[in-house]
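Engineer: Protein sequences appear in the order of chains A and B. Quick note, the first sequence lines up with residues 24 to 252 if you use this note's numbering. Quick note, the second sequence lines up with residues 325 to 632 if you use this note's numbering.
Hints in this document: simulated from the structure, not taken from any laboratory. There may be inaccurate statements among the hints.
[As the list claims (entries may be wrong)] Straight-line distance between alpha carbons at most 20 Å, and here's what the computed DMTMM-like set of lysine to aspartate or glutamate pairs gives: (1) A:Lys48 - A:Glu198; (2) B:Lys507 - A:Glu117; (3) A:Lys229 - A:Glu38; (4) B:Lys507 - A:Glu129; (5) B:Lys504 - A:Glu117; (6) B:Lys507 - A:Glu198.
[Stated by the list, open to error] Take a look, some chain B residues computed to stay more than 12 Å from chain A by CB distance: (7) Pro433; (8) Val460; (9) Trp467; (10) Ser589; (11) Ile596; (12) Leu620.
Each residue gets a CB set at the ideal place from its N, CA and C atoms; glycine is no exception.
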Amino acid sequence: MLEIKDLHVAYGESEVVKGLNLSLKENEIIAVLGRNGMGKTTLMKSLIGMIPTKSGSVQLKGKELSGMKSHDRVAAGVGFVPQGRMIFSTMTVEENIETGLTTTKESKVPEELYNIFPILRDFRKRRGGNLSGGQQQQLAIARALASNPDVLLLDEPTEGIQPSIIKEMAHTLKEIRDSHGLSIIVSEQVLSFALDVADRIIVIEKGKIIHDQPKDEVDEEQIAKFLSV
Amino acid sequence: MFADYTWAELGSIFAMQGFSGLILFAVLLLMALGLAIIFGQMGVINMAHGEFMILGAYITYLTSNLFADFLPSLFDIYFFIAMIFAFIGTFLLGMLVEWSLIRHLYKRPLDTLLATWGLSLILQQLYRTVFGPREVGVSLPDWMMGSYALTDTIEIPINGIIVMVITFVITVGVFLFLQKSRKGKQARAVVQNRAMAGAVGINTAKVDRFTFALGCGIAGIAGATFTMIGSTGPTSGQLYIVDTFLVVVFGGAASLLGTIASAFSIAQAQSIMEFFLSGSMAKVLTLLAVIVILMLRPQGLFSLKVRK
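Using the sequences plus the hints, can you model the full thing?
Structural biologist: Next up, the structure:
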């Protein structure tokens with residue numbers, strides 16, 4: 024489905040992602056774990072095209088993405104929920120979701136999105152900036168889903184969100200995966216959430232994958248060691 | 325200063341100065357609307373905005389000559405056609421400028437100031453070469469001339485009424501466009517976060533070009549309207565650019581309602597004080613008031629309150 028081969032990403036001379044290989048299967052959820060500064064966000068941003076790829080290839084259903092602009096990647100089937108949510112704060116909830124419809128033929132927000140996140144229906148006339156962190160996170164996910172992606176990228180979705188909502192989010196993400204048949208890559212620092220949501224756990228360090236295991240075989244202590252500072 | 329007039333006279337003076345203030349308000353607002361989009365929303369300091377307006381005025385001048393020479397029977401309605409031409413002409417120039425200049429400078433706001441200032445000099449010289457250094461005037465069809473006598477002492481110029489109607493229609497149109505249309509919503513998203521707008525599937529380069537060109541096109545319409553109340557010369561735009569920036573900053577960037585309120589208060593203060601004091605004194609007082617208010621409210625009159 025999504026094939027990443029020998030991906031290199033650099034800011035000027037300093038290379039952050041150094042030859043990363045990853046293959047995401049259909050309907051699979053992968054959690055990418057790693058400490059701060061190990062290249063999680065850089066990997067995510069390069070996959071959506073916010074940071075240019077230095078070398079290597081990223082293919083979605085056989086289509087080469089590297090070199091494409093962000094909006095073309097969205098049209099090709101990538102959805103992105105950035106770290107810090109980045110919703111358009113002066114626009115209403117409804118307008119925020121509508122921006123995600125750009126690459127589709129739709130002009131009205133599909134009811135189904137509101138069914139996944141009922142709170143957004145109630146608040147659809149409010150400005151995005153006036154929602155709480157958890158609500159903004161739901162909005163950012165809804166906005167990304169509006170473009171009907173095949174792959175959803177989430178960058179640290181649990182950051183700054185209270186524990187009870189984190190639990191719920193893992194549940195919602197799996198539900199969306201099952202109903203929409205999409206694949207998800209989620210970068211995380213919270214191990215419990217990653218174990219909750221993912222089928223496969225990957226640890227990256229210094230821009231390379233150093234650990235790759237299906238969830239069922241994961242040794243929690245070993246992974247916790249990778250994450251400890 | 326009021327002692328020389330009777331109450332009835334004072335009333336008439338206020339009404340008529342108030343009305344000429346309304347005309348100034350309309351022109352300022354039209355100018356500021358384009359700049360509110362380009363500067364207030366996109367953050368591009370466009371020093372050539374006045375020259376875009378003058379281009380609209382020159383296009384109107386050309387159209388009026390064209391109609392007078394070749395289509396005299398339709399001269400009565402030429403103005404509205406000229407307005408459309410002015411919009412299209414400045415819109416296209418705006419697209420060209422965005423593509424060749426501005427898009428390389430979005431991350432360097434101060435450099436846009438220099439680049440567009442240079443552009444304004446180039447355009448001024450171009451106008452001087454093509455149209456000559458002397459100011460040109462546009463002849464209006466008869467039905468737009470004259471005034472309407474409200475009472476014995478209060479007279480309202482007809483072209484003033486037309487200017488205001490046009491301004492009203494354009495303002496409402498721009499507001500609805502930005503709030504309701506698909507393109508307008510995309511433009512607002514790009515303005516707020518260019519990288520993120522791209523990551524939700526919006527072609528930001530295209531939207532930027534369109535938004536900038538739209539602001540220029542509105543300046544073109546302002547220029548067409550401007551021909552009704554003043555004559556057009558290569559440097560006429562310079563007289564208005566400072567006032568226009570003042571309106572946008574005072575109103576609060578990114579707020580259309582603020583732009584309207586601020587254009588109204590600045591124009592009215594200016595026009596009513598001009599009658600009793602000298603023109604420069606009126607300007608000094610207006611500027612002073614604006615500075616004091618901006619010191620107390622740096623974000624401008626209106627600003628949206630949301631979490632960042």
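Engineer: Indicate, hint by hint, whether the structure satisfies it.
Structural biologist: Now the hints, each set against the structure:
With a C-alpha separation of about 17 Å, the suggested pairing of Lys48 of chain A with Glu198 of chain A holds against the 20 Å cut-off. The straight-line distance between the Cα atoms of Lys507 of chain B and Glu117 of chain A is roughly 15 Å, inside the 20 Å bound, and the hint therefore holds. At roughly 9 Å between alpha-carbon atoms, Lys229 of chain A and Glu38 of chain A fall within 20 Å of each other, so this suggested pair holds. At most 20 Å may separate the alpha-carbon atoms for a hinted pair to count; Lys507 of chain B and Glu129 of chain A meet this at roughly 14 Å.
Distance check on the hinted pair: Lys504 of chain B and Glu117 of chain A sit about 12 Å apart at the alpha-carbon level, within 20 Å; holds. Of the pairs offered as hints, the one joining Lys507 of chain B and Glu198 of chain A is violated, with about 33 Å between alpha carbons and a cut-off of 20 Å exceeded. The claim that Pro433 of chain B is not at the interface with chain A holds, since no C-beta of that chain comes within 12 Å of its own (minimum 20 Å). Distance to chain A confirms Val460 of chain B as a non-interface residue, since its nearest Cβ pair spans about 43 Å, more than 12 Å.
Under the 12 Å C-beta cut-off, the non-interface status given to Trp467 of chain B relative to chain A holds; the minimum distance is some 42 Å. Every C-beta of chain A lies more than 12 Å from that of Ser589 of chain B, the closest at about 24 Å, which supports listing it as non-interface. Ile596 of chain B, annotated as away from the interface, keeps every beta carbon of chain A farther than 12 Å; the closest lies near 35 Å. A cut-off of 12 Å between C-beta atoms confirms that Leu620 of chain B is not in contact with chain A; the least separation is 23 Å.
Comparing the model with each numbered hint stated earlier shows that hint 6 is the single one that does not hold.
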